[in-house]
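For the record, the sequence lines run as chains A and B. Everything in the first sequence is counted per the numbering used here, starting at 441 for the first residue and increasing by one. Everything in the second sequence is counted per the numbering used here, starting at 7 for the first residue and increasing by one.
Worth flagging that the hints you see were computed from the coordinates, not collected in a lab. Fair warning: there could be bad hints in the mix.
Here are the computed lysine-lysine pairs in the DSSO-like style, where the Cα-Cα straight-line distance is at most 30 Å [said to hold, decoys possible]:
1. B:K84 to A:K508
2. B:K65 to A:K517
3. B:K84 to A:K496
4. B:K63 to A:K542
5. A:K542 to A:K496
6. A:K496 to A:K547
7. B:K59 to A:K547
8. A:K517 to B:K84
9. B:K68 to A:K547
10. A:K496 to A:K508
11. B:K63 to B:K84
12. B:K63 to A:K508
13. B:K9 to B:K59
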Amino acid sequence: GDSVIQMQGQVTLSENDFLFINCTYSTTGYPTLFWYVQYSGEGPQLLLQVTTANNKGSSRGFEATYDKGTTSFHLQKTSVQEIDSAVYYCAMRGPSSGGNYKPTFGKGTSLVVHP
Amino acid sequence: GPKVLQIPSHQIIDMGQMVTLNCDPVSNHLYFYWYKQILGQQMEFLVNFYNGKVMEKSKLFKDQFSVERPDGSYFTLKIQPTALEDSAVYFCASSFGTGGLQDTQYFGPGTRLLVL
């Protein structure tokens with residue numbers, strides 16, 4: 441079945457450090473891939489989304505490339521800030537032509553950035 | 007940006023009773039979703055809903071769960087009867103479509119349900 445595997449647990453960094461959170465997916469066809477960010481006490485909000493293989497999405501300094509070859513969608517940011525502290529979810533949605541409406545989320549990675 | 011509202015924000019209920027969680031989705035959205043997040047764990051898909059019907063549901067969507075959106079009002083999740091393991095935060099989300107950028111789901115702030 442469909443699955444999203446991402447780095448679990450907590451990542452602790454200092455401001456201006458480089459961030460890398462890995463994410464791999466498993467499905468058939470060409471899904472749409474997402475990164476969501478969830479701040480404490482809030483619902484998740486979309487960070488970035490890529491629908492086409494080999495394309496890159498970027499937002500607020502975060503980037504992720506849809507790599508069909510390695511089935512990966514790793515999240516990176518060159519220089520994190522304290523306000524980036526949150527839980528990050530990698531997610532996937534099956535190709536709509538296949539009638540798969542069910543989104544699949546990874547387990548989430550908690551990022552703590554110290555000033 | 008577009009907002010999804012959820013009412014109530016918190017609900018405490020005795021095991022065995024019925025509870026209804028309400029969601030006010032983004033006004034022109036057509037697809038609606040419920041997710042469950044137990045404290046400290048990942049968010050898990052429960053169900054999605056379109057044109058008055060359940061499109062897909064996960065195995066977490068037990069027989070005691072039901073969803074509806076009567077006449078374009080709130081999109082509701084009803085649990086009857088509730089069980090202790092239903093204690094969680096329930097997130098509602100909505101999207102305009104299911105393809106490409108229309109896939110973008112907007113989430114509400116969640117309803118924290120505690121079953122005693």
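For each hint, the structure was consulted:
no. : hint             : verdict
1   : B:K84 to A:K508  : violated, 39 Å
2   : B:K65 to A:K517  : violated, 36 Å
3   : B:K84 to A:K496  : violated, 40 Å
4   : B:K63 to A:K542  : holds, 8 Å
5   : A:K542 to A:K496 : holds, 23 Å
6   : A:K496 to A:K547 : holds, 22 Å
7   : B:K59 to A:K547  : holds, 28 Å
8   : A:K517 to B:K84  : violated, 40 Å
9   : B:K68 to A:K547  : holds, 21 Å
10  : A:K496 to A:K508 : holds, 12 Å
11  : B:K63 to B:K84   : holds, 14 Å
12  : B:K63 to A:K508  : holds, 27 Å
13  : B:K9 to B:K59    : holds, 23 Å
Against the hints set out earlier in the document, violations occur for numbers 1, 2, 3, 8.
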